[in-house]
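2 protein chains.
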Amino acid sequence: MGLPMATRLVPHADVAGFDPLDSSLGKARAAGVMPSGTPAAASAGAGIVVVAVRTLADVEAALFGPGGAIDALDPGAVVVLTSTIGAPGAQDVAARCARHDVRLLDAPVSGGPLRAASGDLLMLLGGDGETVAAARTVVDLLASSVVVVGDRPGDGQAMKAVNQLLCGVHIAAAAEALALARGLGIDPTSALDALAAGAASSFMLANRGPRIVEALAGGSPEVLSRLDIFVKDMGIVAEAGRQAGVALPVAAAAEQLYRLGEVAGLASSDDSTVATLLGREVTAAKAPTPSGRPA
Amino acid sequence: MGLPMATRLVPHADVAGFDPLDSSLGKARAAGVMPSGTPAAASAGAGIVVVAVRTLADVEAALFGPGGAIDALDPGAVVVLTSTIGAPGAQDVAARCARHDVRLLDAPVSGGPLRAASGDLLMLLGGDGETVAAARTVVDLLASSVVVVGDRPGDGQAMKAVNQLLCGVHIAAAAEALALARGLGIDPTSALDALAAGAASSFMLANRGPRIVEALAGGSPEVLSRLDIFVKDMGIVAEAGRQAGVALPVAAAAEQLYRLGEVAGLASSDDSTVATLLGREVTAAKAPTPSGRPA
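These protein sequences, in sequence, are chains A and B.
Residue 293 in our numbering is what sits at position 293 of the first sequence, and the numbering runs on without skipping anything.
Residue 1071 in our numbering is what sits at position 71 of the second sequence, and the numbering runs on without skipping anything.
Accuracy of the hints is not assured; some may be wrong.
With beta-carbon atoms standing in for the labels, derived distance ranges [as the list claims (entries may be wrong)]:
| hint | chain 1 | residue 1 | chain 2 | residue 2 | range |
| --- | --- | --- | --- | --- | --- |
| 1 | A | Val263 | B | Ser1023 | 30 to 36 Å |
| 2 | B | Ser1145 | A | Arg226 | 32 to 38 Å |
| 3 | B | Ala1264 | A | Ala30 | 57 to 63 Å |
| 4 | A | Ala31 | B | Arg1280 | 34 to 40 Å |
Hint data in this document are derived by calculation from the structure and do not stem from the laboratory.
Computed from a predicted model, the values in this text were never measured in an experiment.
Using N, Cα and C, we set each Cβ at its ideal position, and we do this for glycine too.
Only chain A is shown next, with the shape it has when bound in the complex (with noise of 0.2 Å):
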C-alpha cells in the first residue's frame, strides 16, 4: 500500500520515495512522488519516514540493511511503521532506531490499498504521545479511523493482530460456508444473497464473497489481496496468542487452511481463492474411473 499512501500525501508535502520496484518508481514519478534510489536517499532530511513493507525482513532491509534510511535521518525524526510484523518484531526495531535518536511510531493499518488512495485507512498506534504528536499530520491523512493502542511500540501490533484474527477466519469461513453451499447443491450467489442480511453476515463475507463465487466457479479474481499476506498475518496471531497464554484453535485452523494454500502454489493469487481448496463437485466425486468400475 505504499504507493496509495504516497500518493495520498503528495498534495500535502514534498514525498520522496523508494521502491525495489522500478515500474512502482516509475507511477510514483507520474503520482507526484520524487523517486529516489534508495531508503537513504529517499529520506535524507526528512522528518517523517513512512514504512509500508510486507514482512519484518523488509522492515529491517529498508531501515538497516544497505542504503538502509537509518544513517540519513536526523536525530528526532520519526519513522511511521505501517507493516503488520507483530510487536516483538515492532519493539526490536524501536529499540534499534532510538539507537540512532530516531523514534518509531507502531502504526499497523487495516483497509486496503483503495481506502490507502483516499485516506480512509484504519490506524491503530503504539507510541508515546510525543511521538504520535509528531507524527500527527502523517497520520490524519493516511487514515479516517485512529485508535491509540498504548504508548508503547508494539501496543498497535497488538491490536492488529487481533483485527487479523477476525479477518482471516472470517474470509476462512465465507470460503467454508461457499463451498460447502456448492457442495450441498445450492447456488453460491443465492446463498451469498440470502446470508448477507442476517446473523451469518461479516464485513469479509460481503467483501470476499463474489470473489469466492468466482473461484469456486472455475475463475480467477482479481488480485486485490495476496494470501500470502494472511499466511504471515494468521502465524503472528498464533505467535500472538502463545505469547499472551492464550489457546486459539479456530484462528489455528484457519492459518493451516492459508498454508495450504501456498503448499498448493496460490501464495499470490487473491485470498478468496483458498475456497477451491475445500471442495469438489459432488458429480466429480461420484465419477467412475475409465474403466467403468470405482476405484
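For chain A, the structure is supplied; the task is to place chain B on it using the hints.
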C-alpha cells in the same frame, strides 16, 4: 422459540399449543394460546402444525411418540418444521409424514426469540410449491425474510447448515479475538469498539461481543442462546460437509470449541461463555506456587 412464534400467531388464528414444561404452558395460556396436554391434543383438527423444538429426537417425539401429533392430523395437513435438524433428518421425517398423507414443509429459522415474537425471522424453505402455498399465511406471519431454497424437504436444512457454519465460526472467532486482546493487555471493551466498524466486523461480533466481554470479566451473561445449540448445529454442519465431500477445517475447530464448552459444564450457559475456556490472566499464569518457587 415456540412460545414467541405461537404468540405472534394469536391475533390471526386460533392457536393451540403443547410444551412439556408446565411453566411454558402457563405462559402460553397468558398469551392467548390454548394449552394442550399432548402434541396430539394441540394438533387435532389443525390444518397447519408448527414444530419448534431443539433436536431431531424432540421432533420425532412430538410427531411420532406417545401422544404425538401425527395420529391427530387430517390428510393434507402441513407440518411446518422450524427446527435445525439436518437434511437427512428432515428427509426422514418427511417420508414418515407422507405415510400419513401429511405434508412436511422444511422451514428452519434464524433470528432468535426476540425476532420470533415480532415476526422478523429468516426462514429457509425446502418444499414444493403446493406445500409452500398451503403454509404461506403462517410463514409470512413468522418470517420477514423467506428464501425458498429448493423444492424438497432437506433443502432448507442444507441452507441452514451453511448459515450456522458462519454463525458458529463467527461467535468462536469473536471469543478468540477478545480473549487474545485481554491476554495482550488490551481492554476488551476498547478492542470491541475499535474492531466493530472495520474489516473485522460481523453481526455476531456486535451481537455477542458485549456478552463475551462480560464473561471474560468473570460475569455470567444472560442466556440468550444456549451453548449446546451450537454443539448440535456444528455437528450438523460437519455431517453436511461429509455428505457433500467438502473439507471444513475452520468449522471443525469451532465445533470442538463448543464441545469443550459442553465438557466444561457450560451446555446451558450462553454461548458467549466459550471465551472463558481460552485464556487466563498472564499474571495468573506467571504466579509462583504457594512455596514461592515456580512449579
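Each hint, compared with the structure:
Look at Val263 (chain A) against Ser1023 (chain B): about 56 Å separates their beta carbons, and that is not inside 30 to 36 Å. Remark: the range hint 32 to 38 Å for Ser1145 (chain B) to Arg226 (chain A) is upheld by a beta-carbon distance near 35 Å. The hinted range of 57 to 63 Å is satisfied by Ala1264 (chain B) and Ala30 (chain A), whose Cβ atoms lie roughly 59 Å apart. Between Ala31 (chain A) and Arg1280 (chain B), the C-beta spacing of about 50 Å breaks the proposed range 34 to 40 Å.
Violated hints for the displayed structure, listed by number in ascending order: 1 and 4.
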